[in-house]
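Kindly generate the complete structure, drawing on both the sequences and the hints.
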Amino acid sequence: MSRFASTPAVEAKLRREAAAGAIFLGMLILILLPLFAIVAYLLWQAAPSLNWRFLFSAPTHGMREGGVWPAFIGTLYLVTLSLAVAAPIGVLAAVYLTEYARDNWFNRAVNMAVLNLAGVPSIVHALFGLGAFVYAARLGYSVLAASLTLAIMTMPVIIASTRQALLSVPHNFREACWNLGASRLQTIRTIVLPNAISGILTGIILQVSRAAGETAPIMFTGAVFYKAIDPGTLFPYALDEQCMALSMHLYTLSTQTPGVAASIPNATAVLLLALVFLVNSAAIGLRTILRSRGKW
Amino acid sequence: MNAIETRGLNLWYGDFQALRDVTLSVEQGAVTALIGPSGCGKTTLLRCCNRINERNPAVRTTGEIRILDKNIYDPDVSPLELRKAVGMVFQRPNPLPVSIYENVVFGLRLHAPPEARTRAALDLAVEKALTEAGLWEDVKDKLGETATSLQLEQRQKLCIARLLPLQPDILLMDEPCAALDVTATENIEQLIRGWQGAYTTLIVTHNMAQARRVSDRSVFMLSGELVELGSTQQVFDEPKDPRTADYVAGRYG
Ligand SMILES: Nc1ncnc2c1ncn2[C@@H]1O[C@H](COP(=O)(O)OP(=O)(O)OP(=O)(O)O)[C@@H](O)[C@H]1O
Ligand SMILES: [Mg+2]
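Sequence lines, in order, name chains A and B.
The first sequence lines up with residues 59 to 354 when you count with the numbering used here.
The second sequence lines up with residues 2 to 254 when you count with the numbering used here.
Heads up, some of the hints might be wrong.
Said to hold, decoys possible - What follows is a list of derived Cβ distance ranges for each label pair:
| # | chain 1 | residue 1 | chain 2 | residue 2 | range |
| --- | --- | --- | --- | --- | --- |
| 1 | A | ASN174 | B | ARG252 | 51 to 59 Å |
| 2 | B | THR119 | A | VAL334 | 44 to 52 Å |
| 3 | B | LYS141 | A | ALA80 | 56 to 64 Å |
| 4 | A | PRO228 | B | LYS71 | 26 to 34 Å |
These are calculated hints, taken from the structure and not from any lab test.
Cβ atoms here follow ideal geometry from the backbone N, Cα and C, with glycine treated the same way.
Structural data, given as structure tokens:
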């Protein structure tokens, strides 16, 4: 037999290899297919309503006609406010947990609690928001109560993702800093945060889509079916007023409004998707820029 | 005066005792080699000298450490100030993920008052430190590049250079050549010998030949204990303790 010749055992190995490749590819297609199907279906159904007027006008005729502007603005409101609260608190808490807290049972328990909170279903946060913000804090059904509820919902995830980003900064950078006589704060400011920032921002921005998409937390605390606003103003909602929101609007159109043309809820869904897609692309773009700037 | 003096130094990582009653004196301006088998506590001892061990909550220390005749556990001693005077070089070169220039001025940015941080002053400090570390000619045209564009030897020199603007008295070097090839090792050794008493150097090495080449005095440690301390010539050629004799003859570790 010649040297390096193939044997039946090798042939069998190669056949298994080919089969495995085919199965992995098949799984990928299985995942991608429904994804494309959803988007294609939505676009097709939404086509008659997809125009700028739909975005910029208010719903009319008992929401059976017109656009989604008040809901769109409401969603922007809720998301911005909730992240303005959740992001700084979440990031600072994560910095404390990773850079300052000692490794004792209490802090391990806190970490476990944060991870578990990140997995709590949104309806639970909704109930908490209703009890804590609407009633106990007497904020009533309002933009503020809804935003705070969304903040409570997103904060544990922001803490967890920020911690991950901070932990991925190699320990020997910290050692190098400390050995030059840097305090913890100086180390964090000059080395840890700049190297973790892209991961931190990605984590925060991913929560934008989550805050924009959830219905339960805002339905319980401050979102309404319908609210007339002055179409000319950019800030139509006061903090103590209720507001409309895209996710809530979609729910209303699909379940509470008989006789609505199919294109309207579908166009609303497309808008929500587009918003999420835009935000996530921005996250990826930002990360690429930050990575290349801090490249080393 | 001794640059470093420890008396009855014990150190525990949790329940594990890594240093046992270490009493040591390191002569000022000399190069002292710290030798001993793996795990005998060389790194641990080094890390005591600038109190960096304290960052590890599991560490407990008893005994006395005097640096330049000052007990570093005195209440008026700030570890941050201490670390300016006692610089450390690691086994794996660990430049910070910023430019070469910023690596060198990092210490000044942390400690120097604003008026000492003018562009001109920083430029001067960079040139001086890099020249002293034998790196200036290699990098003077690419100071803005990130430190990872450098080769291993250059990175290690950069790690040495970044200590110098703080005008340290003592340099602790933990196997500074372990990751380097023969030529690079020679260059670093040349650097150390060239200091001529400007710094007190305590260098850990597994390389017996290196210890002989660079050091004036040698310390041999075993299982957390200090076994022998003397001139390098004496420790290697006429060791008093049989364990030292075995080790320097290469019979274990
Ligand atoms: N952070 C730590 N936690 C617990 N034990 C440690 C820690 N660091 C070191 N040790 C233990 O302390 C002992 C001394 O370690 P040290 O790193 O000082 O040895 P070393 O002489 O530097 O060894 P090497 O030559 O391998 O670098 C070893 O037994 C080690 O396992
Ligand atoms: Mg070591």
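Q. For this structure, which hints from the list above don't hold up?
A. Violated: none.
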